[in-house]
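> Residue numbering for the first sequence is 32 to 553, as defined by the working numbering.
These aren't lab readings, by the way, just hints derived from the structure by calculation.
There could be a bad hint or two in this list.
[As the list claims (entries may be wrong)] DSSO-like mimics (lysine-lysine), calculated; alpha carbons at most 27 Å apart, straight line:
{"no.": "1", "residue 1": "K101", "residue 2": "K283"}
{"no.": "2", "residue 1": "K120", "residue 2": "K283"}
{"no.": "3", "residue 1": "K192", "residue 2": "K283"}
{"no.": "4", "residue 1": "K320", "residue 2": "K192"}
{"no.": "5", "residue 1": "K120", "residue 2": "K320"}
[What the hints assert, rightly or not] So the derived label-pair ranges between C-beta atoms look like this:
{"no.": "6", "residue 1": "I276", "residue 2": "L380", "range": "46 to 56 Å"}
{"no.": "7", "residue 1": "R190", "residue 2": "D537", "range": "54 to 64 Å"}
{"no.": "8", "residue 1": "I276", "residue 2": "D221", "range": "18 to 28 Å"}
In this text the structure is predicted, and so the values were computed from the model without any measurement.
C-beta atoms are modelled at their ideal positions from N, C-alpha and C, and glycine is treated no differently.
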Amino acid sequence: MDESERRERLADIAPDLLEELEAEEEADDRVLPDLPNAEEGEVVMRAAPNPNGPWHLGHARMPAVIGTYKERYDGEFICRFDDTDPETKRPDLDAYDAILDAIAFLGFEPDRVLRASDRLETYYDHARELIDLGGAYTCDLSGERFSELKNAGEPSPNRDKDPETVREEFEAMVAGEYGAGEMVLRVKTDIEHPNPALRDWVAFRMVDTPHPRPEAESYRCWPMLDFQSGIDDHLTGVTHIIRGIDLQDSAKRQRFVYDYFDWEYPEVLHWGHVQLDEYDVKLSTSTIKALIDDGELDGWDDPRAPTLASVERRGIRGEAIVESMTELGMSTSDVDLAMSSIYANNRDLIDDDANRYFLVRDRPDDPAVVRDIVGGPETGQPPLHPDHEERGTRTIPAGRVRLESSDLPASGGQVWLKGFGCVRHIRDAFEYVGDDISMVREGDVPVVHWAPAEEGLETLMRTVEGDVRGYAEPDVADADVDDVVQFERVGFVRIDSFDPEPSDTDAGPTGEEDLVAYYAHP
RNA sequence: GCUCCAGUGGAGUAGUGGCCAAACUCACGACCCUCUCACGGUCGAGCCCCCGGUUCAAAUCCGGGCUGGAGCACCA
Numbered sequence: 032m033d034e035s036e037r038r039e040r041l042a043d044i045a046p047d048l049l050e051e052l053e054a055e056e057e058a059d060d061r062v063l064p065d066l067p068n069a070e071e072g073e074v075v076m077r078a079a080p081n082p083n084g085p086w087h088l089g090h091a092r093m094p095a096v097i098g099t100y101k102e103r104y105d106g107e108f109i110c111r112f113d114d115t116d117p118e119t120k121r122p123d124l125d126a127y128d129a130i131l132d133a134i135a136f137l138g139f140e141p142d143r144v145l146r147a148s149d150r151l152e153t154y155y156d157h158a159r160e161l162i163d164l165g166g167a168y169t170c171d172l173s174g175e176r177f178s179e180l181k182n183a184g185e186p187s188p189n190r191d192k193d194p195e196t197v198r199e200e201f202e203a204m205v206a207g208e209y210g211a212g213e214m215v216l217r218v219k220t221d222i223e224h225p226n227p228a229l230r231d232w233v234a235f236r237m238v239d240t241p242h243p244r245p246e247a248e249s250y251r252c253w254p255m256l257d258f259q260s261g262i263d264d265h266l267t268g269v270t271h272i273i274r275g276i277d278l279q280d281s282a283k284r285q286r287f288v289y290d291y292f293d294w295e296y297p298e299v300l301h302w303g304h305v306q307l308d309e310y311d312v313k314l315s316t317s318t319i320k321a322l323i324d325d326g327e328l329d330g331w332d333d334p335r336a337p338t339l340a341s342v343e344r345r346g347i348r349g350e351a352i353v354e355s356m357t358e359l360g361m362s363t364s365d366v367d368l369a370m371s372s373i374y375a376n377n378r379d380l381i382d383d384d385a386n387r388y389f390l391v392r393d394r395p396d397d398p399a400v401v402r403d404i405v406g407g408p409e410t411g412q413p414p415l416h417p418d419h420e421e422r423g424t425r426t427i428p429a430g431r432v433r434l435e436s437s438d439l440p441a442s443g444g445q446v447w448l449k450g451f452g453c454v455r456h457i458r459d460a461f462e463y464v465g466d467d468i469s470m471v472r473e474g475d476v477p478v479v480h481w482a483p484a485e486e487g488l489e490t491l492m493r494t495v496e497g498d499v500r501g502y503a504e505p506d507v508a509d510a511d512v513d514d515v516v517q518f519e520r521v522g523f524v525r526i527d528s529f530d531p532e533p534s535d536t537d538a539g540p541t542g543e544e545d546l547v548a549y550y551a552h553p
């Protein structure tokens, strides 16, 4: 029975329970506050990523929230790549698709995908119009010199240039007749505005480095974010802008342009930065990129990297991330997101489907040890899932077994090998005691996982803290690549590959392994 | 220095003048269940930044502090 069939059944036998269930779910969806001035079917929002690298976990918040609001209001979700800096934050040509993949992984699909670098002529046209309205002037002051004047509340000497000259000089900018730093176009705001951040800001500057996209490589005169984004938000009908507090002055800057054009500014919401616990690596595209370039990380999906590609490979569902991100709400203060919250959401999603297997870890501080079993059955037969007996059992050869040394009982002590029975540790062997479960229920016999010494699969388990080696029971081979399973008493993992190719970095498989699994969480 | 924003248990959020000696999720501790340290269940510890003011009544409104964050780029 799938979800909808179950619901139909429930509607038949207990309509009030179904109603209750739906009311609860409705409430769960309401973790985000309502959008101001939002009308059903009229809401348009955009995510405006800079494609200067694949996404880290923090980036998931924007599509998670926009996607959730889109569903609530039957709105529109635009993905606009703000790729207007060919130099300092140079776009990575692979990142455009990597970002769209990440959005899909989170379970959303943008209604429209735009690239700012396709839209330069539009920005130029609006700049010309702004110049004609007396709202902008070309300025050849150095950034440093202008900053001095600005901080003193003094205007640039270029501020009152006649519009003809401004127009000519701007056309020269567009034609690429200036080099970087020689000329900018400034928006005329208020040079004595109390907030220095708003005074006559730069709308266009010259960049010598060609854009990496062939379609845009001939442009040299590039708009700044506040101009480009402001124009695009209006032109694409954005009704609600959501952005970080680092851009809290953007709306105020852009309003000057909107006022010149007599446009109405969208609703704006700001939020703080997201910090993550659990990772050693900073949530920063450039930091992660540098670590990959230095070979400290294997790539964007290295389990140690706080990226979306990484958690996807670990078997964490996009839905779990979306839930945690929307639970953060819309507060403007910085927030710390606990990975455990994502893990808890994910566990809810996967626990029922994840079959159980054993992995005996072989770690330097807790090495795997081998013991012969004297007596007892040939095999152990634990269930694939404790809540689903119909799935059947696994078969684990006994006789000679391996377990983690911290699970090894003291000499004379007993231990219950899960799915097999109770053994006593005598000298360097296990003596079969029996399979009367009351020894576990009433006695103090600990229950442990184990693997066969000979038939076990040599396994590499890749975790956030680094690689762990061990031996998995042979029936793990019945699982498929991409399956999420639980290694009992260890945690949930995603089956990544069987008989892997060796990796060319320090971490990762050597090629000797039978199995590579990526660790998700306990 | 100037300008903005925010401060509720360990993390996140709810509460926007009385129903709040404060709720929910995660984490934590104990116990129950269990052939897993998963799942499920019960219980527990732990919070309104400070000082004033308004009010019969303040987590909630006002003022002042303090603390934290952001911007003042020819980055996004």
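> Give a verdict on every hint.
Each hint, compared with the structure:
no.	hint	verdict
1	K101 to K283	holds, 26 Å
2	K120 to K283	holds, 24 Å
3	K192 to K283	holds, 25 Å
4	K320 to K192	violated, 44 Å
5	K120 to K320	holds, 12 Å
6	I276 to L380: 46 to 56 Å	violated, 31 Å
7	R190 to D537: 54 to 64 Å	holds, 58 Å
8	I276 to D221: 18 to 28 Å	holds, 23 Å
In the structure shown, a violation is registered for the earlier hints numbered 4 and 6, in ascending order.
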